[in-house]
Amino acid sequence: VLQRRPGASDAAVDQACHHSHPFIVRLLLPDISIDLFAKMVLTLVKAVLHPWKHDDEATMKDARVTNSPSYPGTPRWVKVFVVIAFVAVVLFVVLHLTGGGIGHLIDHGMLGHGSRIGAPKQGAQP
Amino acid sequence: MKALRLRELMLTAHVTSSVGFLGAVAAFLALAVAGATGQDAQVVSAFSLAMELITSSVIVPMCFASLLTGVAQSLMTPWGLFRHYWVVVKLLLTVLSTIVLLVHTKPISYLAHIATGTELSDADLTGLRFQLVIASGAALLVLLTATALSIYKPRGMTRYRWCRQHGNVALSDRC
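In order, the protein sequence lines correspond to chains X and E.
First residue of the first sequence: 1, per the numbering used here; consecutive thereafter.
First residue of the second sequence: 1001, per the numbering used here; consecutive thereafter.
Careful: at least some of the hints might be erroneous.
Listed below are the simulated SDA-like cross-link pairs for lysine to any residue, each with C-alpha atoms no more than 20 Å apart in a straight line [claimed, not checked]: (1) K1002(E) to T1077(E); (2) K1153(E) to T1077(E); (3) K79(X) to T1077(E); (4) K1153(E) to R76(X); (5) K79(X) to S1150(E); (6) K79(X) to Y1152(E); (7) K1153(E) to V1088(E).
FYI, nobody ran anything at the bench for these hints, they're computed from the structure.
Source: prediction; values computed, not measured.
For reference, chain X alone in the conformation it holds in the complex:
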């Protein structure tokens, strides 16, 4: 594929590739089809990104992947627990942020009102 057609001149090759191929393709591979070039690039990219999937290296690793069982997924009880825990945490945070928690009672509810615990109440006899 990479060889030039017999008898083709440089001018003929340039003429044939001028409108259909990019310059770098015409420079390096003057007589190659663009589809084949695209396939080569795609194969090269796949080989770099996923070397174990490369066709030429489909060896025991691929066989092991094929034969090994797939991950069964997260158990149902874990999902239920995650939902319950999420609701509990949100409830806890909301309770404390909205002032219903213990910290609010201490910071604002009791000390903030100036009603010292054990102090005589208004209207109470000394």
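Starting from the structure of chain X, add chain E where the hints point.
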């Protein structure tokens, strides 16, 4: 042999601290309920002091001991720390319980501090008492859940362990 004995020692420490943690929280819940529903101010003050004493001297140390021995125990056994879901869930429950406990130590100490000086008759403290009842009840429920997880050990392997076991760490399609 030496490793086995060390593992048994760690297991004993973990079970002891966990059971102690559970029992102390149950005792705290009983005191909190009695304090929230009690009518006698002096008795309620005594309950508050007892709650603070239990928290500082039993619950907090047992909580940290349970957490540390649990982590050590899991790392020393084939169960691992992130291999099985029940271990991960138990760790999560213990960590959350520790955080919530540390959040609530301040109001418990405050309640005891107030109780040492005067009688707890102010109506503002009613909400705080019931908050402690709810918190300790929730903590008891969480600890019972963790105990049940330790006994039943429900099935479920984490994705991490699954990939390691099947040697598919690099082959991430199925993991």
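Review point. Is the straight-line distance between the alpha-carbon of K1153(E) and that of V1088(E) 20 Å or less?
Key: 11 Å, holds
Practice item. Given the hint that K1153(E) pairs with T1077(E), test it: the Cα-Cα distance must not exceed 20 Å. Key: Status holds; Cα separation ~14 Å.
**Study point:** Straight-line alpha-carbon gap K1153(E) to R76(X), limit 20 Å
**Key:** 14 Å, holds
Review point. Going straight from one Cα to the other, do K1002(E) and T1077(E) come out at no more than 20 Å?
Key: 14 Å, holds
**Study point:** Holds or violated: K79(X) to Y1152(E), with C-alpha atoms at most 20 Å apart
**Key:** 17 Å, holds
Review point. CA of K79(X) to CA of S1150(E), is that 20 Å or under?
Key: Judged against 20 Å, a Cα distance of about 18 Å means the pair holds.
Practice item. Below or equal to 20 Å on CA atoms is what counts here, so check K79(X) against T1077(E). Key: Answer violated: K79(X) to T1077(E) is near 26 Å, above 20 Å.
Violation of the numbered hints given earlier is confined to hint 3; every other hint is satisfied by the structure.
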